[in-house]
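Got chain L; can you put chain H on it based on the hints?
Number of protein chains: 2
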Amino acid sequence: MQAEIITIGDEILIGQIVDSNSAFIAKQLNKIGVSVYQITSVQDDKAHILKSLKEAEDNADVIILTGGLGPTKDDITKNTLAEYFNDTLVPDTSVLENIQELWKKYIKQELSQVNIDQALVPSKAQVLMNRFGSAPGMWFEKDSKVFISLPGVPFEMKALIENEVIPKLQKQYKLPFILHKTLLTYGHGESKISERIEVWEDNLPKFMKFAYLPSLGRVRLRLSAKANDKEMVVAEMEKQIALLLPQIQDIFVGFEEDHSIEAIIGKRLTELGKTLATAESCTGGKIAEQITAISGASTYFKGSIVSYSMQSKIEVLKIDASIIDKYSVVSTQVAEAMAKQAQKLFKADYAIATTGNAGPTKGDDNAEVGTVCIALATPKGVFSEEYHLGNHRTKVINKAVNKAFELLQKEILKY
Amino acid sequence: MQAEIITIGDEILIGQIVDSNSAFIAKQLNKIGVSVYQITSVQDDKAHILKSLKEAEDNADVIILTGGLGPTKDDITKNTLAEYFNDTLVPDTSVLENIQELWKKYIKQELSQVNIDQALVPSKAQVLMNRFGSAPGMWFEKDSKVFISLPGVPFEMKALIENEVIPKLQKQYKLPFILHKTLLTYGHGESKISERIEVWEDNLPKFMKFAYLPSLGRVRLRLSAKANDKEMVVAEMEKQIALLLPQIQDIFVGFEEDHSIEAIIGKRLTELGKTLATAESCTGGKIAEQITAISGASTYFKGSIVSYSMQSKIEVLKIDASIIDKYSVVSTQVAEAMAKQAQKLFKADYAIATTGNAGPTKGDDNAEVGTVCIALATPKGVFSEEYHLGNHRTKVINKAVNKAFELLQKEILKY
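Protein chains in written order, with my numbering: chain L, 672 to 1086; chain H, 672 to 1086.
One chain only, chain L, in its complex shape:
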């Protein structure tokens, strides 16, 4: 079973939005054993959509489209699908009722004609009801192929994928088993790792694939397997991981899969019954933001002080001004003082602190762009590291966030 994803919208082709829908859909399809052959982003243009549909039909068994289902003139996906399937649009009562209900509950205005028209659906389509919006999902079958059209609004699309598309595909097809394992490593580059594990990699069975995913100071190693026999896949995956792990023991952090490092940390802190706070300067709140993006974070996260100005380091975070004078604001000493203060003020077991210069220009401190000091206060004391993370603002901030999470994870894995 192969799928192709087609995302439709001029906003993608002019770079105004990043298409995150296709990554979500690809992940969900992979989980149920459907490989994605290709992702294609095309304009809101009839001829182009028709051409992509034809090509996708040649390549794939399941074709999923997102976008172009809105009520406005630039949205032409529904009419184009009707043309592709030699079909006409007919009113669908259940869709109209859903729209009326949404309007009554949330919009509280009279339905306009363009919204009533959203209840027009090609007669050959099965409706996938969109509980969060007015554009219905649609499921077409042609010969042995399935075409699924979904709205481009991410949360509407996600709900339809999870509640309608995935269960329906699983019901309709006997699917192979796909398994991915991703190992988080840090400390070595991909070439260094590849040399070390070359023999292992060369001896992988044909149904397994291995990839290196370097990103800002870490390399993720992804091992994928796909076959009909689930038990065999699981056993072989275990075997290969067992062979690999001893060779990368010094750089291995944990398994990733669906879990980000923030989620792994959150789970561990919850198990330990410990709490966390942060004091952030150059990372500007991004560590706190990533922690609190995980639901349930209030169990272990107490809070953060983002001390972006000198005054706030002294008056809000209450760092001793003499430490700043003596060592300068970007220093391991100040980072440690920040971490200890965050730990104290928030009554937390652990506290992370960052201070540095993300660039693009030197700040008051005159520290080189890319210099970041990160400290971790633990129940047993405080320690810190100084890093040099390059000269690109976004990169420096993101690398610093990653480094901070690594320091913390290494520490809490000890217990």
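This list has only true hints and no planted wrong ones.
If several chains are the same, the list does not tell them apart, and a pair holds so long as it fits within one copy or across any two.
Calculated cross-link-like contacts (lysine-lysine; reagent style DSBU-like; alpha-carbon spacing at most 35 angstroms):
id, residue 1, residue 2
1, K717, K901
2, K744, K779
3, K795, K816
4, K816, K722
5, K997, K945
6, K938, K880
7, K1081, K829
8, K829, K839
9, K897, K877
10, K1018, K945
11, K744, K1081
12, K1081, K989
13, K702, K897
14, K1085, K945
Source of the hints: derived by calculation from the structure; they are not laboratory data.
The following block gives chain H in isolation, referenced to the frame of chain L:
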């Protein structure tokens, strides 16, 4: 001039990463008058890459590839390109020197054979020197078409696009002029807006396109024009905007283009010489993080207290506990107290505060999931709003951040 972008990597097709490279490239190409016809993401698979190259050659004048240039076995783009152009790989001295220099400066280890091999380049390629990494960019010409292969690591790719690809394309081709204007609106849905401006939209000249981009409580309206005559395009754009604006005056916030609302706010605060602080509960630091992602934010941003626990609201932010008892933690009164405290502690002119329940479950407060109270303290006083932002955690957080920026922007635009 049409371009096609091909992003290569299994990690995209299994949904492990979101392809943000193509949006960046598309934006840069559009700026210089090159339209992107299609974006195609394909696997690290020789046959598939060859097929995509052929198709892209049929559709586009410029084909830009990213990914698959690393030193490891899963990276096959360079060999595949050599095959496509009936070419062989030869060592390139300047690339090898660049790699040696990077290793000496940053890696501080001996060069391994796989990295030395990265200096092998197809003989027909012009090298685009990658100052940030070991994989060189490559520029091929075939008949009147250009093929450009770039590394997939975002900051390496970005530097090559900005410093090498764009200048070289501009030098080599006479390019048409493309202009986009994006108007930020809030308060109405896309169908409501489209009804109101239907006549205007129907009368747009053929070389202009109009699109609605709804997102979490706002609709962005994008008007695009493309023609050889730059002056005509600029004049017509001005004329059409002048016709449109009076029809949407009550919902128009500002122009977007390359500027996010955070950047617009930062610019305005800098002009006014005013400063900002935040006190964040349910948004968990995301407002601070988005503000500090803008370089130069230290001019106007003082800091933030992320008070994710009740204790931290009382002890760190120093909210009067009786206000929380009386009105509950998710209330406009508590939001206003938080904003006033942030304003005071950080000695800021403006302070934004958020308190709410992002879900997925009800918290201590028992507030409905999606209830968010946002307050803004200004030099003249404090005010607040209560919102109901749905039942999806990420959506609630992001909508709350957007609402907070809207409140602030409306306020500072008054002066």
